[in-house]
Every structure is written in structure tokens, then in C-alpha cells.
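Enquirer: Chain by chain, the residues:
There are 2 protein chains.
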Amino acid sequence: MQHYPSQLLERAVEEFSKLPGIGGKTAMRLVLHLLRQDVKAVEVFGQSVIRLRQEVKFCQTCHNISDTDTCEICANPRRDHATICVVENIQDVMAIENTQQYRGVYHVLGGVISPMDGIGPSDLQIGSLVERVGEGNIAEVILALSPTMEGDTTNFYIYRKLADTGVKISVIARGVAQNDELQYTDEVTLGRSIVNRTLFDVNL
Amino acid sequence: MQHYPSQLLERAVEEFSKLPGIGGKTAMRLVLHLLRQDVKAVEVFGQSVIRLRQEVKFCQTCHNISDTDTCEICANPRRDHATICVVENIQDVMAIENTQQYRGVYHVLGGVISPMDGIGPSDLQIGSLVERVGEGNIAEVILALSPTMEGDTTNFYIYRKLADTGVKISVIARGVAQNDELQYTDEVTLGRSIVNRTLFDVNL
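Chains as they are written, first to last, in the working numbering: chain V, 1 to 204; chain E, 1 to 204.
Think of the hints as simulated: they come from the structure by calculation, not from any bench.
Computed from a predicted structure; not experimentally measured.
Cβ atoms here follow ideal geometry from the backbone N, Cα and C, with glycine treated the same way.
To give a feel for the contact side, a few chain E residues facing chain V, derived at Cβ under 10 Å:
no.	residue
1	Q7
2	H33
3	L35
4	Q37
5	F45
6	K57
7	I65
8	E72
If you want the footprint, here are the derived chain E segments under chain V, 3+ residues with CB under 8 Å:
no.	stretch
9	19-29
10	94-106
Negatives, chain V to chain E, calculated, CB over 10 Å:
no.	residue
11	E88
12	G104
13	P115
14	M116
15	G136
16	I142
17	S146
18	D164
19	I169
20	I172
21	G175
22	E181
Using the sequences and the hints given, assemble the complete structure.
Expert: Right, dumping it as C-alpha cells:
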């Protein structure tokens, strides 16, 4: 049992240790770093997370994180509101936005179906996706979940739920990644990349 | 340039990214973790660092971190106040306390002399150490700085400052560490460990 010379220090280190991937020694290092900063800077640091947690909203339509009731993307009339890209989480939205290749809207599930972790369809935003599609005006749903067993299970579950709506359902392409070395690519990926080959296009 | 769906999120991630060793991706992961916690828990987290920075004190005698003007160790009448152990920082005090082998008091320098980093004697609590010894009642000063060039420089500087006070000045033992393999121990350490050998003692 570590003995701390200050209870204030001990409490702050304890709080940092609760963060994922932050052990006791790292927590101590981070706290002592903050201790060397201006009072004002530390107040800004602490308030930034408190305000985020108190004031943050989730878009009523797509469940993406947002400062307003409807997120920037859903509120943007220049986006294609007939195309919904289904993703696991907020980081995935940000990653796809960064590619600047997608002009549709999103639907954030909040995870994937994972019986091992006790996550079933009702824990995810699948019901609201089915409702959204049911309201009409949707032409295509793009499934952009992780290429894992859980992702595939979730893809299949959503597919069945939407099958008789007549909406087009697509999945993002799977294949060899940019700069991957073929000899080290797993068989499933390499096999699929040959079966699902596309016409050579000089513009890509 | 990453585009964030929420300014509150962006600000919190920015603040975490300022911490040493925390990159953008880790900052995002930590912030999203906090976002999943109760509002109350996040308030406790944020307030713990703000309160630490606002309210923490440093002991007027030894400069160790403390919740009071005089730290627990300096205020403890059962400690040996005639023996001062000189260390670089707060973590070193905690490490030595954890050994439960030391009953004296401390003096926290706040670093070591390092011309490369622009740290000179006047940036450290060396003047206050000399004063403390000058007040009398001190029998021994133990130098427990890092076994580096900077630590050695600082040891030598302090030694010169205290040489004519008549106080006993000692340094912590250097040698092979517990469970070290001799064949991988550096020459300087191994050489010293032979020169500074001690009588075999069955109790150690």
C-alpha cells in the first residue's frame, strides 16, 4: 500500500488511475505534471471534461455526439439524406468524415451485437434505425461495421430487419488494405479480394 | 485536420492531449470513456485535479507536497529530525517511505543541477537546505539523488556548500540491484560494488 504525503494528491491520482490504460505510476506522472501548471490551466483542464459530460448531447436522428439536438451532419441540407451509413461509434463517423468520400448521413449504433459481452440488439440503436428507414425517403443503407464476427452478426441482424422495406442494403468493401503486403494478408481477406475484384480504373 | 462533431468534445480532447505521453488517439479514448461515466463521477474526476492544484501546499521545512503548512513527516515527533535525506522530488520521498527503512526527515530539491536543461543551483531548494543545516541540530545529511552525471554534480555542489558546517555527509550505496544478473550489470556499477564491498551479514 502506497502512502501519499497529501490526500488531495492521493485522490487525484486515484481518479486518473480509473481511466482505461492508465496505471498508478502513469497517473502519478500526469497529476504531478498538472501540479506544475498554472492554476488557471488546471481549472480549464478539469472544467473541459465536466462541461463536456454535463452539456453534451446526442443527435436525435443519428445518435452522433453533438452540441445541439440535431447534429451538424443531419442539419446540413447539402448532405444526401437518402443514404444512411451505419457505424458502431463516434470515432467511426469521424474516420469516415476524414476521408471526404461520403456525402450521406449516419446512424451510430453504439456498438455491435456481442453475446459474450452481454450486448444484444436492444442495447443498440437498431430499433431507431428500422424506424428511420420505415419513415420512407431512404434509398440506401450502407453497413460500415467492423469486419469481425460481431460485426457480421450485426450486419445480418440489421439486414433481416430491413429486408422487406425494399431499401438497398450495401456493405463497405473488404479486401487488401493500401500498402498491405499480399504475402502477409490473411487467406479470407485475400480470397475475398479476388472474388470481389473490380474493373481496373485509372482514376482510382 | 481532424473535424470534431462537437466543440465540447474537441476542447476536452485538446486538454488531454496536452498531458505528457498522451497523443490525440489516446486523448480521444480517455475522453470517450469519461463520457460513458455518470455526470457525478466526471465531476469528481475534474474537481479532484482542480482542488489539488488550488489547495495543495508544500512543506515550509522540507518542500515535500502536503495538505498542511508543515508536512506529516516534519510534524512527526517520532522521526529523527537530526538526519536529513536529500532527494530530487516527491516520488523519491514516497519510494523511500515505502521501504520503511528510514526514520529521518527529508529535503526535496525539486530537481538536480542540469546546465543542458537550464537548471542551476538557484532553481533548486539548495539555499534552504544550507540554511536548515546552518540552524544547527543536524547530525547527518544523506544525499539520495539519481546516480547520473547531473545527480553527481548536484551531490558535489551540495557537499562543497556544507563541507565546513562539520555535519556528516553520506551518499546512498551504489551497487548491483536485487535480482540483477551480474553479466548484464554495467562495468562502473560492478566495479564499485566490488570496491565498496561490505562484511557479509546473515541478517541482510
